[in-house]
Every structure is written in structure tokens, then in C-alpha cells.
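Engineer: Residues in the sequence shown are numbered from 1 upward in steps of one, following the numbering used here.
Calculated directly from the structure, the hints in this document are not laboratory data.
Nothing here was measured: the structure is a model prediction, and the numbers come from that model.
A couple of the hints might just be wrong.
[As the list claims (entries may be wrong)] With a cut-off of at most 25 Å between alpha-carbon atoms, the simulated DSS-like pairs for lysine-lysine come out as follows:
1. K32 - K17
2. K6 - K32
3. K49 - K109
4. K6 - K52
5. K6 - K111
6. K67 - K109
7. K109 - K52
8. K6 - K29
9. K111 - K67
10. K61 - K32
11. K109 - K29
12. K29 - K49
13. K49 - K32
14. K17 - K6
15. K111 - K49
16. K6 - K49
17. K29 - K17
18. K61 - K49
19. K61 - K6
20. K29 - K111
[As the list claims (entries may be wrong)] Here are the simulated distance ranges between beta carbons:
21. E65 - T37: 32 to 38 Å
22. H121 - V31: 23 to 29 Å
23. M22 - E99: 14 to 20 Å
24. V16 - K52: 32 to 38 Å
25. K29 - E65: 17 to 23 Å
26. K111 - A54: 23 to 29 Å
27. K52 - I115: 17 to 23 Å
28. E36 - T94: 33 to 39 Å
29. D13 - L97: 34 to 40 Å
30. E65 - V117: 43 to 49 Å
31. T46 - E99: 19 to 25 Å
32. L79 - P25: 22 to 28 Å
33. D13 - A57: 18 to 24 Å
Cβ coordinates follow ideal geometry from the N, Cα and C atoms, glycine included.
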Amino acid sequence: MIVMEKFVAECEDAVVKALAAMGAPSDLKLVKEFPETADLAIPCFTFAKPLKMAPVAIAEKIASEIKAPCGLIAGVTPLNGYLNFTVDTTALVTDLLTEVAEQGDSFGKGKPTGIRVNVEH
């Protein structure tokens, strides 16, 4: 698994667990954004109606439930109805180097799709 995908999955899992603890329906969809101010942002506006709470309050509650640092998550900050996650760069680099060592020469190569591409210059 690509390291940033692992980070996003950890953030999603943390939010889903916090939402479940708040009594949210399990079918809520998480929207992911990648702003310049954080490594990952999850807006809480879609949770407002089912939880009957303001998005700002939801973000604050979820942020207080998430124990950071944990795994690749260095921290989570609620801001204007968004959860802004930051990645632990030390853990990220460690995981990335481990992944490079395990995959060797095949690191970064995708699975063959059979599609040919002609690149002109």
C-alpha cells in the first residue's frame, strides 16, 4: 500500500470510529480534500443533518476523540467545520523507506495494463 494511502485510511478509520461513538449512521460518506493548509481535510458539513449538530461542533468533537499522534497521524485540528490532519513525517519516511527496501527495483512500478502509450517530443 502506498504510504499516503495508508495515512488517508488511518484518518478515515479514526473519523468513522468517532462518528460511530457519536451515534452517526454507518452509511455516511467521507469527503476528502487535499488543501494547502493540511495534509488531508475532511469536511463535517454532511454529518450535520444526521447528527443534528453544527459542523463546527462536530469537527471539535471528532478532533477531541482522535488520539494523535498515532500511526501516521501527527495531529488533527478542527477549523471552521473541517478536520485538518497532518502527517507524521518521521513515520511517513520510515514507512516509505521500508516499502522501498521491500519492493526493490519494482518500487514505483504499476501493474501492467496492456495499454500502449505513444509519447512524442
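Engineer: Does each hint hold? Answer for all of them.
Structural biologist: Going through the hints against the structure:
1. K32 - K17: Given that 25 Å is the threshold and the Cα spacing comes to 16 Å, the pair holds.
2. K6 - K32: The hint holds at about 14 Å.
3. K49 - K109: violated (43 Å)
4. K6 - K52: Since the Cα atoms of K6 and K52 sit roughly 31 Å apart, the hinted pair is violated (cutoff 25 Å).
5. K6 - K111: Cα-Cα ~19 Å, so holds.
6. K67 - K109: Since the Cα atoms of K67 and K109 sit roughly 34 Å apart, the hinted pair is violated (cutoff 25 Å).
7. K109 - K52: Since the Cα atoms of K109 and K52 sit roughly 46 Å apart, the hinted pair is violated (cutoff 25 Å).
8. K6 - K29: holds (18 Å)
9. K111 - K67: With Cα atoms ~36 Å apart, K111 and K67 exceed 25 Å; violated.
10. K61 - K32: OK: K61 and K32 at ~18 Å, within 25 Å.
11. K109 - K29: Given that 25 Å is the threshold and the Cα spacing comes to 31 Å, the pair is violated.
12. K29 - K49: holds (13 Å)
13. K49 - K32: holds (19 Å)
14. K17 - K6: holds (16 Å)
15. K111 - K49: Given that 25 Å is the threshold and the Cα spacing comes to 42 Å, the pair is violated.
16. K6 - K49: Violated, at roughly 29 Å.
17. K29 - K17: Within the cut-off at roughly 13 Å; holds.
18. K61 - K49: Holds, at about 15 Å.
19. K61 - K6: Since the Cα atoms of K61 and K6 sit roughly 24 Å apart, the hinted pair holds (cutoff 25 Å).
20. K29 - K111: violated (29 Å)
21. E65 - T37: 32 to 38 Å: The hinted range 32 to 38 Å is violated for E65 and T37, with Cβ atoms some 22 Å apart.
22. H121 - V31: 23 to 29 Å: violated (38 Å)
23. M22 - E99: 14 to 20 Å: violated (34 Å)
24. V16 - K52: 32 to 38 Å: violated (19 Å)
25. K29 - E65: 17 to 23 Å: holds (19 Å)
26. K111 - A54: 23 to 29 Å: violated (44 Å)
27. K52 - I115: 17 to 23 Å: Between K52 and I115, where Cβ atoms are some 48 Å apart, the hint is violated.
28. E36 - T94: 33 to 39 Å: Roughly 25 Å apart at Cβ, these two residues miss the hinted range, so it is violated.
29. D13 - L97: 34 to 40 Å: violated (24 Å)
30. E65 - V117: 43 to 49 Å: holds (46 Å)
31. T46 - E99: 19 to 25 Å: Between T46 and E99, where Cβ atoms are some 33 Å apart, the hint is violated.
32. L79 - P25: 22 to 28 Å: Check passed, 25 Å falls within 22 to 28 Å.
33. D13 - A57: 18 to 24 Å: holds (22 Å)
In this structure, the earlier hints numbered 3, 4, 6, 7, 9, 11, 15, 16, 20, 21, 22, 23, 24, 26, 27, 28, 29 and 31 are contradicted, and the remaining ones agree with it.
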